[in-house]
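*Asks:* Kindly produce the complete structure, drawing on both the sequences and the hints.
Residue numbers (the UniProt record's numbering): 1 to 68.
Please keep in mind that the hints were generated in silico from the structure rather than gathered at the bench.
Just to be clear, a hint being listed does not mean it is correct.
Label pairs and their in silico Cβ distance ranges [what the hints assert, rightly or not]:
#1 51 - 11: 28 to 34 Å
#2 38 - 3: 32 to 38 Å
#3 23 - 53: 15 to 21 Å
Cβ coordinates follow ideal geometry from the N, Cα and C atoms, glycine included.
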Amino acid sequence: PAQPPRLLFAGEVDGAAVVLFHDGGVRVVRYAEPLSGSGGAALDFARTDDADVTTGAAVVVSRTGDGA
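*Replies:* Set out below in structure tokens:
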């Protein structure tokens, strides 16, 4: 990335530790891992280069399934 990542969110959501970063350019990155039980970590990338104030107003923090 051209700039250091910015922390957007870090906390517990639906039984998972979730961290969201924006790379200062064209990506939002979501890392999540279950707080207890089995299941692996999840790492998701989303492009944001065409986002504007309306389309960029929401980011999915929680996923269904294994809780991550």
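*Asks:* Check the structure against each numbered hint from earlier and tell me which ones fail, lowest number first.
*Replies:* As far as the earlier hints go, only 1 is violated by this structure.
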